[in-house]
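S.K.: Below are the chains, spelled out letter by letter.
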Amino acid sequence: MSDNPTDRDLDAGEYVLGVLSDVEARGIAARAAADPELAAAIAAWQARLAPLAAAVEAVSAPPDLWRRIAAGTVLTTVAENPDQRPRAAAPEARMRRQIGLWRAVSAGCLALAAMFAGIAYFGHQPTARGVAVLAAAGSPAPAFLAEAVSGAIDIRPLASAAVPTDRDLELWSLPAGATRPVSLGLLPAAGRRIALADLPAERTQLLVSLEPRGGSPTGLPTGPVLYAGTWTRIE
Amino acid sequence: MRTLSPSAACLLPHPRSRYSPPRPRNRGFARGFPFFVFEAVLTDPSQPDNSASVSAEHLLARCAERDPVALRQLYERQSSRLYGIALRITRQPALAADALQDAFVNVWQKAASFDPERGSAEGWLTGIVRFRALDLIRLGSREISGLELPEIEDDEPNALARLVGSAEAAALRRCLEGLDADKRRLVMLAFLDGLTHQELAQRLTMPLGTVKSAIRRGLAGLRGCLEPDGSDRGQRA
Chain A
1 MSDNPTDRDL
11 DAGEYVLGVL
21 SDVEARGIAA
31 RAAADPELAA
41 AIAAWQARLA
51 PLAAAVEAVS
61 APPDLWRRIA
71 AGTVLTTVAE
81 NPDQRPRAAA
91 PEARMRRQIG
101 LWRAVSAGCL
111 ALAAMFAGIA
121 YFGHQPTARG
131 VAVLAAAGSP
141 APAFLAEAVS
151 GAIDIRPLAS
161 AAVPTDRDLE
171 LWSLPAGATR
181 PVSLGLLPAA
191 GRRIALADLP
201 AERTQLLVSL
211 EPRGGSPTGL
221 PTGPVLYAGT
231 WTRIE
Chain B
1 MRTLSPSAAC
11 LLPHPRSRYS
21 PPRPRNRGFA
31 RGFPFFVFEA
41 VLTDPSQPDN
51 SASVSAEHLL
61 ARCAERDPVA
71 LRQLYERQSS
81 RLYGIALRIT
91 RQPALAADAL
101 QDAFVNVWQK
111 AASFDPERGS
121 AEGWLTGIVR
131 FRALDLIRLG
141 SREISGLELP
151 EIEDDEPNAL
161 ARLVGSAEAA
171 ALRRCLEGLD
181 ADKRRLVMLA
191 FLDGLTHQEL
201 AQRLTMPLGT
211 VKSAIRRGLA
221 GLRGCLEPDG
231 SDRGQRA
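Going down the list, the sequences are from chains A and B. Position one of the first sequence corresponds to residue 1 (the numbering used here), numbered consecutively onward. Position one of the second sequence corresponds to residue 1 (the numbering used here), numbered consecutively onward.
Calculated pairs, EDC-like style, for lysine to aspartate or glutamate (alpha carbon to alpha carbon, straight line, at most 20 Å):
#: 1; chain 1: B; residue 1: K212; chain 2: A; residue 2: D7
#: 2; chain 1: B; residue 1: K212; chain 2: A; residue 2: D22
#: 3; chain 1: B; residue 1: K212; chain 2: B; residue 2: E199
Output of the computed footprint for chain B on chain A, the stretches with three or more beta carbons under 8 Å from beta carbons of chain B:
#: 4; segment: 17 to 31
#: 5; segment: 55 to 69
Since the hints were made in silico from the structure, they are not lab data. Treat the numbers as computed from the prediction; the structure is a model and nothing was measured. The C-beta atom is built at its ideal place from N, Cα and C for all residues, glycine as well.
Chain B on its own, in the form it takes in the complex (with noise of 0.2 Å):
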């Protein structure tokens, strides 16, 4: 690239004045260019808001149609909890955002290709999420920026007594309890703040041979217990 020569224009000195940014909270920003189109199909009359009652498994399919209305609803009522996960992983506001961002586009895009027969929606969202959020910090973003990052509390025993929603929740806790506690801690930290082997095993001062056979072993022991014929992979217990 240095025998490539720069174009004259890009020589041009540096302009020093800056963008004049709006007001802080100018509803007039707010609803300007180009959002009040969006804002508009949003608010339309014709549209009643019966989200409550919809699932979101109904809401990815219609954004598979490319219903705006869709995507807006399942942002309102799943964003909160997404971004959660993207916070807890990223541990960084800004970070947390660009995976949430990244990750709705996705679905945006990819919307058609969720199978219900694989799973539940909120499933599948928490998945693309978590991914996006592991990708942005295995690029080093979580390293360079130069942070303080805050401490990961130890949280094993209340955040078991939180998975209670649901029948998988309820039996993937079970499942977990019956677990080593050495397995359980090991899985539970790589899922939910997104340290890779080598993070748990400075973590945990363990070998890192020994995190990693704890972790398979605990795989092993999570997935027999949740699927105990072993013959249905892909069907939850």
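Chain A with its partners taken away, still in its complex shape (with noise of 0.2 Å):
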């Protein structure tokens, strides 16, 4: 952590290498913002190491996953044109009674939603451009808060989840009017951040179940879902 020249420069190889703690990395991410000498050094780093993940043998990624990234990706560019909007497949029944029971759920919580829409919007997050926050149902306490940051959406724990060792928590969007969940993947109990090209639309739920240990195998919410939320942008 110093001027001189070789010293940023190694501190920019420890850096690509992943050998720092989560702060010094963090730290070096900042600094490399404001101070393009140390990014380009990452970048040169990045070029002279990346050979060595030949090593690595490639392994078949899981087959839902493609369908995860497009649902983040290009879908989302896909129905900015209306004439490409796809046409609702035909819903399934049950679904629809478990879909409309969690709507009248977290509903509820819009007025929640909307108060911490309110701190985010005149609090120290002016950047914050959309809030839900997800609770359980039977409990008064919100389990969950999610954000806009730049690109993407935190979501952390306002209280502490307990999980079974042999389950994980799978995050689920469901926009306004649509029949079917989208997974954005696995919710640690610490919480994540999630890339998204789109911020999720105006009374998107979110929804949080509880899944085999990683992640539903079926493409759809399989366990019960424990926290729920409806997404209120800020404009």
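Join the two chains into one complex using the hints; note that each chain is given alone, in its own frame.
M.R.: Here's what the structure looks like:
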């Protein structure tokens, strides 16, 4: 951590190598954002060390992964063109009833979300463009807070969530009017940041279900929905 | 937050019914909303699949122009390699999948910022996936899962033997082989398995200070070997 060019270059090397702690790595990333030479040094180390990745054996990615990526990227682009907007597939009645129930639950949480939206808007995060508060039905306490950060949603626990060791939480997005939730990936109890090309539309529901370890094997929630909330855009 | 009273609707009894998932491998669903639109784009006969002759650099350029077919082709050609890298670092399939998902969303957003002057497209993709995987394990996900993690296998000689695919890989191998055994081992374990200074010290039962200085000297050695004149940082030797 020095202004000496050699030291700075080795800082960049350590950062790319991945040996730094979370705090140290964030420090370098923050410095690189304001220091083009450090950013260039990082890119150079990336190019130097990347060939080492050829030593890792390739492994086929899970079959559902492309759908998750498509949902987070290209589909949102395709949907911008109304001529290509997909027709809704024939709904499944049980799914509909379930979703209707959760709509009712999380519609009520909207008021709560609006309060958080106000806090986010007038508080210390002027860049937040949307927010959702996820709560468990039957519990008075909000469980997770989802907030827009640049190009992503940050979802953090507001209370500690106990997850059985043989289960995982999975996060789902259900746009208003849609009949099938789309997986946004697993949700560690400590929360995570999810990169999204486009933020959820107004009144999209965020659902958290309890799934077998590794996530739903079917591409739809298989376990109970533990938490739900409605996305509110801040414009 | 405790001062906020939750709205009454949040207090509804917990619904006991569950989602009814479709039958696994239900091809009807697989082609259903909203993905069929996308599949239609990808199977459009007006888009000939000549992907074998298209470079990753070219596919990234088309991603920057918002061509979904290019992203799909990039995924088909790079996902196994990149998933292997993410799995090696996270050691959990679910986390590796999350890392890859985030990375490809990132690639779609940032494709225009890829600069071929600074390195290959494969190297750029490798960097994005590695940073994402490292972020996820640094968030503590690797520890809190309660999983017994598979042991890291020590396959340094085999790993070096695989560095033959390109001139860059061969040069890196030569330079790694030029380092002391300790420094080489530390650099490779750090890069391939995503271990921090602290984890390396524990794993190799070496003092933390020794690990830190050996890695800095190892990195300096690699840079000096790859770019002997030291004047063209950013260009590979």
